[in-house]
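Colleague: Sequence:
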Amino acid sequence: MAEKKIVVGFDGSPAAGVALTWALDEADRTGAHAALVYADEWPFWAPAASMVPSPALRPDDYVDEVIGGVLDRAVTTARKTHPLVPVSATTVRALASTALAQQSEQAAMIVVGSRGHRALAGLLGSVGAAVGAHAHCTVVVVQGRSAAGAPVVAGVDGSPLAPVVLRFAAEQAAGRKVALRVLRLGPPDGEHRAAAGGQDAFDAVVTAVRDEFPDLEIHVGAVTGNSPDALVAAGDTAQLVVIGSRGRGAVRGLLLGSAVRHLLRYATCPVAIVHEHEDQEEHQEQEAERSAARVGP
Numbered sequence: 001m002a003e004k005k006i007v008v009g010f011d012g013s014p015a016a017g018v019a020l021t022w023a024l025d026e027a028d029r030t031g032a033h034a035a036l037v038y039a040d041e042w043p044f045w046a047p048a049a050s051m052v053p054s055p056a057l058r059p060d061d062y063v064d065e066v067i068g069g070v071l072d073r074a075v076t077t078a079r080k081t082h083p084l085v086p087v088s089a090t091t092v093r094a095l096a097s098t099a100l101a102q103q104s105e106q107a108a109m110i111v112v113g114s115r116g117h118r119a120l121a122g123l124l125g126s127v128g129a130a131v132g133a134h135a136h137c138t139v140v141v142v143q144g145r146s147a148a149g150a151p152v153v154a155g156v157d158g159s160p161l162a163p164v165v166l167r168f169a170a171e172q173a174a175g176r177k178v179a180l181r182v183l184r185l186g187p188p189d190g191e192h193r194a195a196a197g198g199q200d201a202f203d204a205v206v207t208a209v210r211d212e213f214p215d216l217e218i219h220v221g222a223v224t225g226n227s228p229d230a231l232v233a234a235g236d237t238a239q240l241v242v243i244g245s246r247g248r249g250a251v252r253g254l255l256l257g258s259a260v261r262h263l264l265r266y267a268t269c270p271v272a273i274v275h276e277h278e279d280q281e282e283h284q285e286q287e288a289e290r291s292a293a294r295v296g297p
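Quick note on full-length UniProt numbering: the sequence shown kicks off at 1 and runs consecutively.
For the record, the hints were derived by calculation from the structure and aren't laboratory data. Just so you know, not all the hints are guaranteed correct.
[To be verified] Think about it this way: if two alpha-carbon atoms lie no more than 16 Å apart in a straight line, the pair counts; the simulated EDC-like pairs of lysine to aspartate or glutamate are:
1. Lys-177 x Asp-215
2. Lys-177 x Glu-276
3. Lys-177 x Asp-40
4. Lys-4 x Asp-28
5. Lys-80 x Asp-28
6. Lys-5 x Glu-105
7. Lys-5 x Asp-25
8. Lys-4 x Asp-72
9. Lys-5 x Asp-28
10. Lys-80 x Asp-40
11. Lys-177 x Glu-217
12. Lys-4 x Asp-25
[Stated by the list, open to error] Here are the in silico distance ranges between beta carbons for each label pair:
13. His-219 x Asp-72: 24 to 32 Å
14. Arg-79 x Gly-225: 42 to 50 Å
15. Ser-88 x Gly-175: 22 to 30 Å
Just so it is clear, CB atoms sit at the ideal spot from N, CA and C, and this is done for glycine as well.
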């Protein structure tokens with residue numbers, strides 16, 4: 001990836017404005033470019049809307065005048081509040097979830113608000129959940145408040161994605177100069193047979209992060225009850241909750257784990273949904289080699 005880019009799903013709504021501010025702060029902190037993407041969904045809903053007894057048509061210059069104006073104002077404000085962050089904006093004719101999932105192929109992160117202007121959002125489902133399920137990079141759904149000084153929380157289970165989740169959370173905590181709180185998520189009922197091995201794997205992942213981030217304050221705990229509820233509760237005193245896009249038993253690229261869906265519905269702070277991609281897989285291979293070298297023959 002030649003340029004580190006944070007893509008922001010933006011529709012001019014208050015929730016999108018909160019997400020944009022979060023993304024600009026992140027871009028300012030990491031040296032990334034912020035790219036606003038407005039998904040013009042009208043061509044997809046217009047056929048159905050034309051059957052309703054109401055003025056269904058919109059002016060021909062709507063994209064340039066209305067959507068363009070929304071984006072221009074957002075970019076102007078962003079350049080004033082975050083002058084060091086390169087900012088761009090574009091309009092894409094596609095469903096929001098499709099547009100952002102496609103953008104994720106060339107992005108380091110996708111940032112969206114918890115809800116926007118879409119009148120059918122409650123019926124059709126969350127854009128954040130849809131993008132979180134299909135994106136090729138980390139997706140951050142900004143909801144509630146991101147309290148400065150509060151820790152970053154990582155929910156880690158026994159899935160292969162655990163090292164990637166924990167490393168991303170550690171990077172966030174270290175970059176923000178706050179503590180990292182790691183919660184080991186217990187297996188569902190009836191899956192306790194591998195508990196001992198799971199503990200060993202969890203300890204190895206935490207040890208690797210401690211080695212890579214020696215100055216990071218890390219607190220480790222376990223969740224023995226309902227994992228999704230525990231993550232929501234932890235988010236009440238966190239500035240970010242980080243979790244993998246899928247847990248044990250989820251279908252790669254299609255489903256979000258139950259904990260993620262629960263978090264997106266009830267969390268009171270931003271939620272980061274971490275995905276695997278080539279750079280992360282390469283890091284996992286390197287970390288495995290380092291672990292093998294520490295253990296020896």
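Colleague: Give a verdict on every hint.
Modeller: Hints and how they fare:
1. Lys-177 x Asp-215: Measuring from Cα to Cα gives roughly 10 Å; hence the hint holds.
2. Lys-177 x Glu-276: violated (25 Å)
3. Lys-177 x Asp-40: violated (38 Å)
4. Lys-4 x Asp-28: This hinted pair holds, its Cα atoms lying about 12 Å apart.
5. Lys-80 x Asp-28: holds (13 Å)
6. Lys-5 x Glu-105: Holds, at roughly 11 Å.
7. Lys-5 x Asp-25: Satisfied, since the Cα-Cα distance of roughly 13 Å is no more than 16 Å.
8. Lys-4 x Asp-72: Violated. Lys-4 to Asp-72 sits at ~22 Å, over the 16 Å cutoff.
9. Lys-5 x Asp-28: Satisfied, since the Cα-Cα distance of roughly 11 Å is no more than 16 Å.
10. Lys-80 x Asp-40: violated (26 Å)
11. Lys-177 x Glu-217: holds (9 Å)
12. Lys-4 x Asp-25: holds (14 Å)
13. His-219 x Asp-72: 24 to 32 Å: Given range 24 to 32 Å: violated, Cβ gap about 45 Å.
14. Arg-79 x Gly-225: 42 to 50 Å: Because 47 Å falls inside the window, the suggested range holds.
15. Ser-88 x Gly-175: 22 to 30 Å: Since the Cβ atoms of Ser-88 and Gly-175 sit about 23 Å apart, the hinted range of 22 to 30 Å holds.
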